[in-house]
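**Q** This is what each chain is made of:
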Amino acid sequence: MDLKEWFANRKKKPPVEEVKLPLATDEYCALWKQCFQCRELLYTSVLIQNQHVCPKCQYHFRIGAWERIQQLADTGTFKEFDAGLVSSDPLNFQDTDTYVNRQKEASRKSGLKEAVITGECEIEGERSCVGAMDFGHFGGSMGSVVGEKIVRLTEFALEHRLPLILVSSSGGARMQEGIFSLMQLAKTSSALKDLSDAGLMYISILSEPTYGGVTASFAMLGDIIIAEPGARIGFAGRRVIEQTIRQKLPADFQTAEYLLKHGQVDMVVARTDLKMKLAYLIKFHAGPGVADLNSEAPTNPVGERESDRKPVTR
Amino acid sequence: MDLKEWFANRKKKPPVEEVKLPLATDEYCALWKQCFQCRELLYTSVLIQNQHVCPKCQYHFRIGAWERIQQLADTGTFKEFDAGLVSSDPLNFQDTDTYVNRQKEASRKSGLKEAVITGECEIEGERSCVGAMDFGHFGGSMGSVVGEKIVRLTEFALEHRLPLILVSSSGGARMQEGIFSLMQLAKTSSALKDLSDAGLMYISILSEPTYGGVTASFAMLGDIIIAEPGARIGFAGRRVIEQTIRQKLPADFQTAEYLLKHGQVDMVVARTDLKMKLAYLIKFHAGPGVADLNSEAPTNPVGERESDRKPVTR
Amino acid sequence: MTDKKPVPLEFEQPLQMLAQQIEALENQLQDQPELADDIDRLQEQYEKLRRSLYSNLDPRDHLQIARHPQRPYSRDYFERWDENWVELHGDRKGMDDPAMVTGLVDLGPYRVVVVGTQKGRSLRDKQQCNFGMPQPEGYRKALRLFKHAEKFGLPIITIIDTPGAYPGMAAEEHNQAEAIAVNLFELAGLKVPVVAIVTGEGGSGGALAVGVANKVLMLEHSVYSVISPEGCASILWRANDKVAEACRAMKMTAKEIKELGVIDEVIPEPLGGAHHDYDVSAANTKKAIIKQLDNLTKMSGADVRADIQKKFRQIGAFVED
Amino acid sequence: MTDKKPVPLEFEQPLQMLAQQIEALENQLQDQPELADDIDRLQEQYEKLRRSLYSNLDPRDHLQIARHPQRPYSRDYFERWDENWVELHGDRKGMDDPAMVTGLVDLGPYRVVVVGTQKGRSLRDKQQCNFGMPQPEGYRKALRLFKHAEKFGLPIITIIDTPGAYPGMAAEEHNQAEAIAVNLFELAGLKVPVVAIVTGEGGSGGALAVGVANKVLMLEHSVYSVISPEGCASILWRANDKVAEACRAMKMTAKEIKELGVIDEVIPEPLGGAHHDYDVSAANTKKAIIKQLDNLTKMSGADVRADIQKKFRQIGAFVED
Ligand SMILES: [Zn+2]
Ligand SMILES: [Zn+2]
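Chains as they are written, first to last, in our numbering: chain A, 197 to 510; chain B, 197 to 510; chain C, 818 to 1138; chain D, 818 to 1138.
Wrong hints could be hidden among the right ones.
Said to hold, decoys possible - Derived lysine to aspartate or glutamate pairs resembling EDC-like cross-links, with alpha carbons at most 16 angstroms apart: (1) Lys-968(C) - Glu-322(B); (2) Lys-968(D) - Asp-393(A); (3) Lys-1059(C) - Asp-393(A); (4) Lys-473(A) - Asp-942(D); (5) Lys-309(B) - Asp-1138(D); (6) Lys-1127(C) - Asp-293(A); (7) Lys-457(B) - Glu-896(C); (8) Lys-1072(D) - Asp-875(D); (9) Lys-1103(D) - Glu-900(D); (10) Lys-1127(D) - Asp-390(B); (11) Lys-457(A) - Asp-942(D); (12) Lys-968(C) - Asp-393(B).
Said to hold, decoys possible - With the C-beta cut set under 8 angstroms, the calculated list includes, among others, these residues of chain D facing chain C: (13) Arg-909; (14) Lys-910; (15) Gly-911; (16) His-991; (17) Glu-995; (18) Gln-1126.
Keep in mind that the hints were calculated from the coordinates and are not lab data. Owing to the predicted nature of the structure, the values given are computational and were not obtained by experimental measurement. Glycine included, C-beta positions come from ideal geometry on N, C-alpha and C.
Starting from the given sequences, assemble the full structure and let the hints guide the process.
**A** Structural data, given as structure tokens:
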């Protein structure tokens, strides 16, 4: 079934209400899983085999950061960066529970220390810097650690002149770190400006869901922006908007396909094609870069394939 | 009467149909002139005194290139450039009459050789490059000569690091020079790109009417864009749009005020205030320029007034 | 606005009652001269109470002052900084967002480009300004002026007083997330100095979109937060009556944020808040800006850029194993 | 498209009549073998007429071929230049104009960014593509891709086949004049080479918005003009039946414009027009592009920019006293 058919079928179904991600640990325990969209019962092992995409209706299940990295990185090539970075509690924040307790609970559920995993790896042989967010950890929210890890990854990419790939999945900035969280928007965007001015490539991948401060910073700054089918992406949440404008929004509002139609993403790519597409784009853009353009005579003619370059294939 | 009142009054009147500019030569002969908007009979000498703005309703009459220059330049400071440039007839163009004959007729009516006058002058003591178009000559259309004169003026501004001011009034590109006329859009825009990259200031003034190829090139490329009250400005003409979309357009469509509301111009300035406003803007932007920003340490702190700079006044 | 009497806020009730008592006594003073002493005593008490009240404000009280309907807005500052300031309009692409005011201001020693959010004063103004919530086109208008400033080597001054971006359908369709992100990105790469002042509410990404600056200043009673306290209360407490708690928890007042090292300076306000004296508020902010520009304009373009990058690079609180 | 029989144009009527005669005779050939000679003679006559017809086209005939509903469009070329080409979408600000197609193409020796106007093939496509008339957002989408190309040092190939910009209300409100002007401005400042090909109609400023290039090529039967011939006839002759005259007067055919020195090369088409063989048309254009890039990519970024500036600086016809 191709994307068009899948999407056409999807429309016939009643809109799926708020999808809750099952806990990653439970997921591995369960033998069976029901598709949120077509209601088909699926063998968990088959689902994993198909990169957590329903083989029947192409529904894209939310996946965690490690699954994402495993899907994108060539086997055995991923080296994690900054695994030891953990949040402090700069505001001594407490609502109905303390931030410290909530952090513990988040880690217990996700098995992660923070909502992003960063590192370097090869993608079809192309050395790259990759960061993947995990909505299962604290709603994928961005606090100081997420900001710092993304900036360090960006700095590494700049230093080693590598392409940068960030896979977003986030509810937005982390309230419990208050103004520090807000400033991570500026911090990450600022690092990306340096990367961009050096002529390096950044591909942003938006997965279900990407909202708030993450959308309003690095997620929307890709040289190329790719969304996963059906992913919901926006700045303000659907419910907040409906309350504000006092009217119902169209069913497909803020979906990847809606964003494509409204010129906000370059393409919608099925997860099962994502790795090959990324590799193609990285190879395509591996050229002399902007630095040569400012020299008197470029050593490599612009856009020309180097004779020893690997052939571009998909 | 302020602008708002004037505009409100204007709306009450039936929309003025295609306003024909009286011949410049006739204009000086006539003792009386009737306001196109409020129908008041005005002494021509009073009207000239008031810069061709109706003292009663503030209607801005179309003015010629020489009147414009006389209004903007400090007395006796204007030096014309390229007065000897005249059109050739590269296509041997002929419709119901030859281009050669139409050129002669245009010059007879306007007293001009071409639809733009360019040169340098002082504006409240600020040395500037000024070009003014004349709708009374061949509908202010841009052919090779208009393009060439504007480019030469721009190059002079670049060489001498002077601000550039262009006052547009045009029906668009000149059909009789075919593809040459179209290419003047690229030619003028390209020259302005060089000027801009050198950190120099270009103020575009849009006067009644500015359409087609002139709007789609230099007229819309000002660092600051000023429109005259009531001036009609657009790319496609009102009638063509109405025929295409098969509906009536709002009465104020494509007026200066409509463009202001739609974010297309920085300000609408009455002709009687234009010179002072221009002088203020030129002085305001006379600073170290972008070149200094790229040096290691600017000789003039950015934005700081030089001690010997003339005070900024309006 | 300064000629209108400041409307008292909720927490100012005791002060207002005292003021009414004093007024009542003063009305009787001609008939009963012996009241003079009482009045003096009450006046003293009033001044004491006033000082104590404003030096012991709860974060939520600051929020109320920051949102005071008579609070001076961007235009009030621009007009007072330079009575001949020139407003520039539009994003050049279809919209002139009244919630984002931009123009040219002559500050005396410096000519600057100003960019500020605008809430609107009259009901009609408020509606036009969308209560200070810019549309994506507003952020893009700001960006146009940032680029203008850079081209001509003019420093940029921004004023922040916004609940944030607008949660509307068209705003999402026109990609407000991108509009904000691109501003953060471009502001961080400018070669002219930027000074931002939070004068009222600094709400979320919509505030930051004009807030990435070499120096960020806050007025004494202004607030700056990652989410509105109402939003925070409703999400974390699931209760609308926990706004005061949310205000406290988020540490959103000028003093607290300065202590956290996120901003550079707190600008004092007239006693009772900026709306008690527009002229003094404008003079204070102008003075603070000029002081900052005196240093920033000594830097080269490259240094200005490095400075802004370094500033935000450092912000964050974490532990490294 | 190539599997569909080309629909004949008005001026091709004599040719078609001859073809029908030949077909009729061929059907009788089995019964009357003596017809073979007649058929051969007619075939010969047909080929002669065909060559003579296409070598003596009136400017208006070229216009008709350029506007042929089966004419290959941007997507037809991109697909044939690189069957794995990647389309990129959107202006990032609210719209993805289908009338402007953009993406990445691997030409073999060169990787390039492609930008082309698109007319649409089916009725639904045509409507979505607005009959090849981009909205301001389409020009801005193109600009985004121009900047992308420059950042990554990729040459730009543009395809022009558009009646021009759309005379619509929203297009004016969204400032299409500015969208076009800014593209002219920015294209002239790029540090990567640009090659533009007029493949069909090159209509006015809307065409030029993706046509400011180091090398401008035209297909043999394509046209390029400052205004549509219909517009020209209606304004200058005040008569709708003077289109052929307008075509002639404006000198809008590839050959004429090459002779005027405004373009660099005329690319031959399959006999009868590009729609007779998509593959050959794609191969011809690809070959022409690669030839141009072989030279252009040897230049430095600064030289590329200087070259494009110089190219348009020179265009114009005037006399100096
Ligand atoms: Zn399913
Ligand atoms: Zn009048």
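**Q** Against this structure, judge whether each hint is valid.
**A** Each hint tested on the structure:
1. Lys-968(C) - Glu-322(B): Since the Cα atoms of Lys-968(C) and Glu-322(B) sit roughly 20 angstroms apart, the hinted pair is violated (cutoff 16 angstroms).
2. Lys-968(D) - Asp-393(A): The given pair, whose Cα atoms are some 8 angstroms apart, holds under the 16 angstroms limit.
3. Lys-1059(C) - Asp-393(A): violated, 45 angstroms
4. Lys-473(A) - Asp-942(D): It is violated: about 27 angstroms lies between the C-alpha atoms, which goes past 16 angstroms.
5. Lys-309(B) - Asp-1138(D): holds, 11 angstroms
6. Lys-1127(C) - Asp-293(A): Judged against 16 angstroms, a Cα distance of about 34 angstroms means the pair is violated.
7. Lys-457(B) - Glu-896(C): violated, 22 angstroms
8. Lys-1072(D) - Asp-875(D): holds, 12 angstroms
9. Lys-1103(D) - Glu-900(D): holds, 13 angstroms
10. Lys-1127(D) - Asp-390(B): Given that 16 angstroms is the threshold and the Cα spacing comes to 12 angstroms, the pair holds.
11. Lys-457(A) - Asp-942(D): Roughly 15 angstroms separates the two Cα atoms, so the pair holds.
12. Lys-968(C) - Asp-393(B): holds, 8 angstroms
13. Arg-909: With a closest approach of 5 angstroms, the Arg-909(D) hint holds.
14. Lys-910: Hint holds; Lys-910(D) Cβ to chain C Cβ min 6 angstroms, cut 8 angstroms.
15. Gly-911: Because about 4 angstroms separates Gly-911(D) from the closest Cβ in chain C, which is inside the 8 angstroms limit, the hint holds.
16. His-991: holds, 4 angstroms
17. Glu-995: Cβ of Glu-995(D) sits 5 angstroms from chain C, so the hint holds.
18. Gln-1126: Check failed: Cβ of Gln-1126(D) comes no nearer than 19 angstroms to chain C, outside 8 angstroms.
Hint check: violations occur at hints 1, 3, 4, 6, 7 and 18; the rest are consistent with the structure.
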